[in-house]
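When you get a sec, could you build the whole thing from the sequences and use the hints?
Chains as they are written, first to last, in my numbering: chain A, 76 to 164; chain B, 76 to 164; chain C, 76 to 164; chain D, 76 to 164.
None of these hints come from the bench; they were simulated from the model.
Hints should not be assumed to be uniformly reliable.
Any copy, or any two copies together, can satisfy a pair, since identical chains are not distinguished.
To be verified - Distance condition first, Cα-Cα at most 25 Å in a straight line; then the derived DSS-like pairs of lysine-lysine:
1) Lys-82 with Lys-161
2) Lys-144 with Lys-101
3) Lys-105 with Lys-83
4) Lys-101 with Lys-82
5) Lys-144 with Lys-91
6) Lys-91 with Lys-105
7) Lys-161 with Lys-91
8) Lys-144 with Lys-83
9) Lys-83 with Lys-101
10) Lys-91 with Lys-101
11) Lys-97 with Lys-82
12) Lys-161 with Lys-101
13) Lys-97 with Lys-83
Keep in mind that this is a model prediction, so the values were computed, not measured.
Number of protein chains: 4
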Amino acid sequence: MINEETKKDVLPRLRKIEGQIKGIQKMVEKERYCIDIINQVTAAQRALDQVSLRVMRRHIESCVANAVKSDGGAPVVGELMETIYKFIR
Amino acid sequence: MINEETKKDVLPRLRKIEGQIKGIQKMVEKERYCIDIINQVTAAQRALDQVSLRVMRRHIESCVANAVKSDGGAPVVGELMETIYKFIR
Amino acid sequence: MINEETKKDVLPRLRKIEGQIKGIQKMVEKERYCIDIINQVTAAQRALDQVSLRVMRRHIESCVANAVKSDGGAPVVGELMETIYKFIR
Amino acid sequence: MINEETKKDVLPRLRKIEGQIKGIQKMVEKERYCIDIINQVTAAQRALDQVSLRVMRRHIESCVANAVKSDGGAPVVGELMETIYKFIR
Chain A
76 MINEETKKDV LPRLRKIEGQ IKGIQKMVEK ERYCIDIINQ VTAAQRALDQ VSLRVMRRHI
136 ESCVANAVKS DGGAPVVGEL METIYKFIR
Chain B
76 MINEETKKDV LPRLRKIEGQ IKGIQKMVEK ERYCIDIINQ VTAAQRALDQ VSLRVMRRHI
136 ESCVANAVKS DGGAPVVGEL METIYKFIR
Chain C
76 MINEETKKDV LPRLRKIEGQ IKGIQKMVEK ERYCIDIINQ VTAAQRALDQ VSLRVMRRHI
136 ESCVANAVKS DGGAPVVGEL METIYKFIR
Chain D
76 MINEETKKDV LPRLRKIEGQ IKGIQKMVEK ERYCIDIINQ VTAAQRALDQ VSLRVMRRHI
136 ESCVANAVKS DGGAPVVGEL METIYKFIR
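So this is what it looks like as structure tokens:
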């Protein structure tokens, strides 16, 4: 489960991303150059990657680790692989 | 350049994505299941893909098309390829 | 359409990628470390990105440019966007 | 470490991908339509995703699971996250 450390790492990132999304809205409203808009969208997506990777790391270190120790972890690892699969595409 | 049609298509998407980012913040605060958080982040990224693709389409139909007609468009196509490259990675 | 310049750029890349795929097969046969195998697969995928980007650039400079000049290019741009969409996911 | 089951799953996939890469070389040599070439490259990349995901699953079920049981697994999980990060971008 998410812990305080991950929360403290991830929440400021999400707030910054919220600001990026608002900024992109303003760029669209002001009809800024398309390429600049797309690059800002890409920057927000890369910042979201970092959020996912941090939550995933915490998940592996807590839930996956616990499941592995108690029952081998097959269903939890299956669920993780599906999530990675969705994440990469 | 961005036109009214693209604005009307893209702005509601961006507002919805802003809502998704706020929702993810709440999920983190309430310590929701890591996998559910990651899947929501992935959903926001896929929605951002749609924004980029729509702006890119408009860009090709306006700026790239105009440049191609006037001077062959080499620098504009080069800039587009760099943007696609950043977008895919 | 593909021209000689793109061919000369892209064919050696594809031959190198073929070698990379054969190398990955040997790594699997010899039971090399999983992480090393995955990193080699990733390297082959990044090399394939470069092939796609080069063919796409040529496509935009030839087919898309010609279509834009003759009839505005809407169907060709639509087809390109669909291809970019498949490419990114 | 890679086991017989993963080998049997992954090797035929890699041989098929090798064939796809050879096929793309022929498409380039015969100057086939750019969009068809790009779509074939994308298909090979998606097939490579499946190879990585299968090797990664095996890695988590063997090395990561063992490390978690013996010493908590921090360095192995760190290495895995880095690999996922390279894989997604």
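Structure-based check of each hint:
For the identical chains of this complex, Lys-82 and Lys-161 are neighbours both inside a copy (23 Å) and across copies (24 Å), given an alpha-carbon limit of 25 Å. In this assembly of identical chains, the alpha carbons of Lys-144 and Lys-101 never lie at most 25 Å apart, being 50 Å within a copy and 30 Å across copies at closest. Within a single copy, Lys-105 and Lys-83 get their C-alpha atoms only as close as 34 Å, which misses the 25 Å cut-off; across copies the closest is 13 Å, which meets it. Proximity of Lys-101 to Lys-82 under the C-alpha cut-off of 25 Å is restricted to the inter-copy arrangement: shortest distance 11 Å between copies versus 29 Å within a copy.
For a Cα distance limit of 25 Å, the shortest separation of Lys-144 from Lys-91 qualifies neither inside one copy, at 37 Å, nor across copies, at 37 Å. For the identical chains of this complex, Lys-91 and Lys-105 are neighbours both inside a copy (21 Å) and across copies (19 Å), given an alpha-carbon limit of 25 Å. Within a single copy, Lys-161 and Lys-91 get their C-alpha atoms as close as 24 Å, and across copies as close as 20 Å, so both meet the 25 Å cut-off. When the C-alpha separation of Lys-144 and Lys-83 is checked against a cutoff of 25 Å, the pair qualifies neither within a copy, at 27 Å, nor between copies, at 27 Å.
Taking CA atoms no more than 25 Å apart as the test, Lys-83 paired with Lys-101 passes between copies only; the shortest distance there is 13 Å, against 28 Å inside one copy. For the homomeric pair Lys-91 and Lys-101, the shortest alpha-carbon distances inside one copy (15 Å) and between copies (15 Å) are both at most 25 Å. In the homo-oligomer, the alpha carbons of Lys-97 and Lys-82 lie at most 25 Å apart both inside one protomer (22 Å) and across protomers (14 Å), since each shortest distance falls under that limit. Taking the shortest alpha-carbon separations for Lys-161 and Lys-101, only the inter-copy value of 22 Å comes in at or below 25 Å, while the best intra-copy value is 30 Å.
Proximity of Lys-97 to Lys-83 under the C-alpha cut-off of 25 Å is found in both arrangements, the shortest distances being 22 Å within a copy and 16 Å between copies.
Going through the hint list in order, the structure does not satisfy hints 2, 5, 8.
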